[in-house]
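Trainee: Residue 727 in our numbering sits at position 351 of the sequence shown, and the numbers go up by one each step.
Quick caveat, the hints were computed from the structure, so don't treat them as lab data. Some hints could be false.
Listed next, the in silico DSS-like pairs over lysine-lysine satisfying Cα-Cα at most 25 Å (straight line) [unchecked claim]:
1) Lys722 with Lys707
2) Lys707 with Lys597
3) Lys491 with Lys707
4) Lys707 with Lys801
5) Lys722 with Lys763
6) Lys801 with Lys763
7) Lys801 with Lys722
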Amino acid sequence: MDDRRNFLKKAGLLAAGLQLQACAATPGPRDTGSSGAAPTSAERWQRVRAEFELDDRYIHLAGFLIASHPRIVREDIEAHRRRIDRNPAEEMDYRSIWRHEDESRAWAARYLGVKTSQIALTGSTTEGIGLVYNGLIIRPGQEVLTSHHEHYATKGALRFRADKDGTPIRTIRLFQDPHRVSVDEVLASVNANLSPRTRVLALTWVHSGSGVKLPIGEIGKLVAERNRQRDERDRILFCVDGVHGFGVENVGFDELNCDFFMAGTHKWMFGPRGTGIICSRSEGMEALHPTIESFSASEDFGTTMTPGGFHAFEHQWALRKAFEFHLALGKQDVQARIHQLNAELKQHLRQVPGLSLVTPDSPELSAGFTFFRLAGVDPERVAEYLKTHRVLADATDRDAGPLVRMAPGLLNDSDQLERVASLLKRGFPA
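Just need the whole structure built from these sequences, with the hints factored in.
Mentor: So, in structure tokens, the structure goes:
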């Protein structure tokens with residue numbers, strides 16, 4: 377236990393030192409070529425792309441499903457795997473497990489601008505959602521307010537809660553047309569539907585069925601205003617599925633103004649597959665009960681809510697490297713690049729006859745997704761057509777669907793997006 381406390385005291389210093397190492401080892405704003413000249417923006421992102429082992433024959437526009445690992449993550453996974461294979465009993469010593477786990481939590485905390493004790497590790501967004509919605513303290517007479525636009529992982533977790541203890545779940549529409557959604561429309565919908573019975577507000581930051589990015593920070597301010605008149609046990613708990621904004625948007629946890637933030641780290645963050653986090657406003661456990669016993673010390677939210685059991689530890693422990701990678705690139709630069717590429721793709725797609733965009737144009741209400749429809753053409757057929765030309769996109773029939781989903785990101789470039797639009801302009805064979 378003393379070893380753990382000593383680590384927690386030193387976590388900030390450890391993170392700072394590791395960050396300096398990451399900046400030296402990872403392609404970042406200060407990298408220079410062999411000539412000593414600073415690389416151009418295009419050259420810099422080409423170097424980032426070179427850190428991945430993606431098949432270069434394809435244009436990869438579906439990284440929102442699961443990510444390829446960059447070199448820094450691959451190598452750390454392999455280093456942990458070798459140590460476990462050589463001496464598993466030594467690596468499974470609880471002090472070793474805690475040390476590695478806390479390093480990943482410390483880096484996640486650095487990325488979000490919070491304390492290590494506010495971060496729990498999970499296996500995915502879905503697992504985090506399940507742990508939070510199953511554990512929230514909701515008294516008889518209180519309800520959960522959620523939206524029609526949620527992912528089925530949220531809908532399922534809330535349904536399980538309702539089946540277990542009868543918690544009422546009320547579902548609303550936040551907007552009518554995703555392409556024309558406005559901040560005022562969303563805020564008005566939330567404000568009109570919060571009631572004295574509302575104990576939990578369960579929403580998603582960036583919707584995977586339309587590409588809409590909610591003004592989560594503004595919604596959080598609205599919730600905070602409502603909570604001013606409430607007792608602690610009646611205050612609204614604002615919970616956010618944040619996976620499709622996490623690793624895209626340059627914001628800290630405090631700017632989101634929520635109580636619980638759940639996100640997988642194996643998508644936009646390029647983290648090891650089978651990893652995720654929960655971030656809590658509180659370091660304590662005042663608002664929820666744990667579901668799975670922790671193998672950690674259970675001293676705070678982070679160690680209590682990190683599920684115990686034996687995991688793919690080499691992946692969980694290498695998660696720290698994904699945060700190092702992003703911080704070395706610079707959160708602001710990452711956001712700017714992803715927004716730039718999505719704006720370019722939208723501009724190209726507007727020139728395709730019969731195509732209608734679903735995702736909003738404004739970066740205020742969109743992030744890394746660009747979704748669309750083609751008049752008279754099944755989205756599944758569009759996705760298959762693109763795949764035959766080595767473009768990997770996706771079709772879905774959730775929320776605003778059926779539609780085609782694309783996600784231009786750090787591993788794409790402008791030429792690829794222009795080529796995709798050109799393929800769509802050709803039309804489809806009969």
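Trainee: Any of the earlier hints contradicted here, and which numbers?
Mentor: Going through the list in order, the structure violates hint 4 alone and respects the others.
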